[in-house]
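Asks: Generate coordinates for the entire structure from the input sequences, incorporating the hints supplied.
These are the residues of each chain, in order.
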Amino acid sequence: MPDMNKQQREQLPTRSDEQPQSAIELPGMLLADEEGTTLEKRGAYSAPDARGPQDKPRGAWAEAWRELRNSPSFYVSGVLLLFLVFMAIFPGVFTNIDPRHCPILDTNQDPSGDHWFGTNVQGCDVYARTVYGARASIIVGVATTALIVVIGGLIGALSGYFGGWLDTILARITDIFFGIPLLLAALVFMSSVKDRTVWTVVAALGVFGWMQIARIMRGSVITVKKSDYVVAARALGAGTPRILGRHVLPNAIAPVIVVATISLGTFIATEATLSFLGIGLPPTEISWGADISSATTALRDSPYQLIFPSIFLSVTVFSFILLGDAVRDALDPKLR
Amino acid sequence: MGRYVVRRLLQMIPVFIGTTFLIYYMVYQLGGDPISAMFGDKGADPVFVRQMREEFHLNDPLIVQYWYYITDLLHGDFGTSFNGRPVADELKRAFPVSIRLAMIAFAIEVVVGVGLGLLSGLRRGKFVDTLVLAGTLVVISIPVFVLGTVAQFWLGSEWGIFEATATVGDATWSQLLLPGIVLGSLSLAFVARLTRTSVAENMRADYVRTATAKGLPRRRVVTRHLLRNSLIPVVTFLGADLGALMAGAIVTEGIFNVDGVGRLIYLAVTKHESSTVVGAVAALVMIYLVMNLIVDLLYAVLDPRIRYA
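From first to last, the protein sequence lines are chains H and L. Quick note on the working numbering: the first sequence kicks off at 163 and runs consecutively. Quick note on the working numbering: the second sequence kicks off at 8 and runs consecutively.
Take the hints with a grain of salt, since some may be wrong.
Claimed, not checked - One side only, chain L facing chain H, incomplete, derived with CB under 8 Å:
no., residue
1, Thr26
2, Ile30
3, Met33
4, Met59
5, Thr78
6, Ile149
7, Pro150
8, Tyr273
9, Val288
10, Val292
Said to hold, decoys possible - Okay, the calculated bits of chain L under chain H, using three or more residues with CB under 8 Å as the criterion:
no., segment
11, 108–115
12, 152–163
13, 225–235
Claimed, not checked - Within a straight-line C-alpha distance of at most 20 Å, the following computed DMTMM-like cross-link-like pairs (lysine to aspartate or glutamate) qualify:
no., chain 1, residue 1, chain 2, residue 2
14, L, Lys278, L, Asp266
15, L, Lys278, H, Asp357
16, L, Lys99, L, Asp177
17, L, Lys99, L, Asp79
18, L, Lys99, L, Asp266
19, L, Lys133, H, Asp491
I should point out that these hints are in silico values taken from the structure, not numbers from a laboratory. Heads up, the beta-carbon is just placed ideally off N, CA and C, and yes, glycines get one too.
Replies: Written as structure tokens, this is what we have:
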């Protein structure tokens, strides 16, 4: 089968170039990336409402929603995330203590009635700092994810929809950005910029974090653009913007949502890592990563100041990954 | 096959140039003036500054500076760090340590990761499976720097099970054991999950049913038929991961005081040692690109249905 060989030759390198940031999303990614021709056993990714003209357009989304409501991990992660987001928006509800009030005489205390999680080296209340630390982490996570969905979605959609030389150029650009690991790139970026704010962290992570979304979007758009309803829309005289906006994107977005949710957790972890290394959020910002870093010097005296922010950070990352897992299971019935 | 390798090697060129230029741009354009960075607050003698600017081609446009840099790089000259030592020497000293660390991490993630993945894939939906899924999710959720700090303090310093830090210069294997476990843990979780999905999916494949129907012992079905086919996606991940392990060691090497490439890069970044940063990252990118090519070729070996013309 010479034809088969040709297709495999063209597609396999693309697939093996994939850099799964996390293996949990890999099955969904493979499905989305293939055009359904080379890996028959996996089957093509079925676009959410490619099921038939009689179905209502939102049918598949409604089904995914029903699926989600039956999934325990959706509830666990949902409740945790609602709690964390609420804490990020209204930290004052959880504590009356000012996280920046640090009487040095209270240094390195163990947990007590006054200081639930103890105090840190400078005498600040660890509980208050942990509560207030949620805000920076969640802002960075959400904003970076929004940024990568825009950049990656745009690049992926353009190269998938138009193909040809545009696709080739965009694929090479994606390869270039893929060549540098995220943490390394962000580290160099953050050390180079003049002044660090929350938004420079978002920029650093966003500029070097969009590639996976772009590849998934590209594969997904290639699958969708061949479907009958896109051909029909074009036959009816719809213009490119309308076809892209009304038909292709809504149907190609499902795998992007999954990866974006999981990435959100990864970005929060990466921001904390940068702050831990002393090169992430500015010192004026209360950040779990920076607090964990300063806690390491006092580990022997009071390990609590390390443990509590670490637990909050890990639970936040955990919730987003769990939510992404649940969403993937709901959107991709094949994997169940 | 030969033509495919050549084509891939050619494709690597623009990617290599692009990636190194990106790093070069960030370090030299966003980073401010490298000469004034050498002098800190004191300020420098203007004559000397002019001389230095001339010597390092700093008056030329960035693209010309980059051209000088990349031609030197291709001749094996990674530039000179501010203390006058060639960056290539620093890399030669740091790489063996990082490679040793990556090998430990890699061995752990392959053996334990594939083992756990196979175990839970074969018993899908059972208790072991749930345990592995939950356990790996927890490991994925804990950032490496938390895991490293906690492991170093309790397993290393407090309980003395492992050695807590490595000697600068020449780290021994036993000193690298705990950092290796920490470094490999995240990928271990991914490998386990990937293997599980792949095994569980292939359990339903026709060839497994045929092999069982032929009367082959279960052991042989699992090792020769099921596992071999299930490992194809895992190998892809592992290959790309080997490059990432060396770069991802920034945090681990920092915590455990391992004198490898990660620590070299981190120290260089904080001290604005531009030439060391660019040189080390360029070396990592090269490793990473070559690993990707090897993975693609391995694909064809593992899956005879794939042929590269």
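Asks: Can you tell me if the segment 152–163 of chain L counts as covered by chain H, using C-beta to C-beta distances under 8 Å and a minimum of three residues?
Replies: holds (count 5)
Asks: Next item in the hint list is isoleucine 30(L). Is there a CB on chain H closer than 8 Å to its CB?
Replies: Hint on isoleucine 30(L): holds, closest Cβ of chain H at ~6 Å, below 8 Å.
Asks: Taking a Cβ-Cβ distance under 8 Å as contact, does the segment 108–115 of chain L have three or more residues in contact with chain H?
Replies: violated (count 0)
Asks: Given the hint that lysine 99(L) pairs with aspartate 177(L), does the C-alpha gap stay at or below 20 Å?
Replies: holds, 13 Å
Asks: Given isoleucine 149(L) was flagged as interface, is its beta-carbon under 8 Å from a beta-carbon of chain H?
Replies: Hint holds; isoleucine 149(L) Cβ to chain H Cβ min 5 Å, cut 8 Å.
Asks: Within a Cα-Cα threshold of 20 Å, do lysine 99(L) and aspartate 266(L) meet the stated pairing?
Replies: Holds - the C-alpha atoms of aspartate 266(L) and lysine 99(L) are around 12 Å apart, at most 20 Å.
Asks: How about threonine 78(L): closest beta carbon in chain H under 8 Å, or not?
Replies: Given a least distance of 20 Å, the restraint on threonine 78(L) is violated.
Asks: Do the numbers back the hint for tyrosine 273(L), that is, is its least Cβ distance to chain H under 8 Å?
Replies: holds, 7 Å
Asks: Under the criterion of a CB-CB separation shorter than 8 Å, is proline 150(L) in contact with chain H as hinted?
Replies: Holds - the Cβ of proline 150(L) comes within 8 Å of chain H, reaching about 4 Å at its closest.
Asks: Is the Cα-Cα distance between lysine 133(L) and aspartate 491(H) 20 Å or less?
Replies: Given pair lysine 133(L), aspartate 491(H) holds - Cα atoms ~18 Å apart, limit 20 Å.
Asks: Do the numbers back the hint for valine 288(L), that is, is its least Cβ distance to chain H under 8 Å?
Replies: Cβ of valine 288(L) sits 6 Å from chain H, so the hint holds.
Asks: Grab the minimum C-beta distance from methionine 59(L) to chain H and call the hint holds if it beats 8 Å, violated otherwise.
Replies: With Cβ-Cβ at 20 Å, over 8 Å, it is violated.
In the structure shown, a violation is registered for the earlier hints numbered 4, 5, 11, 13, in ascending order.
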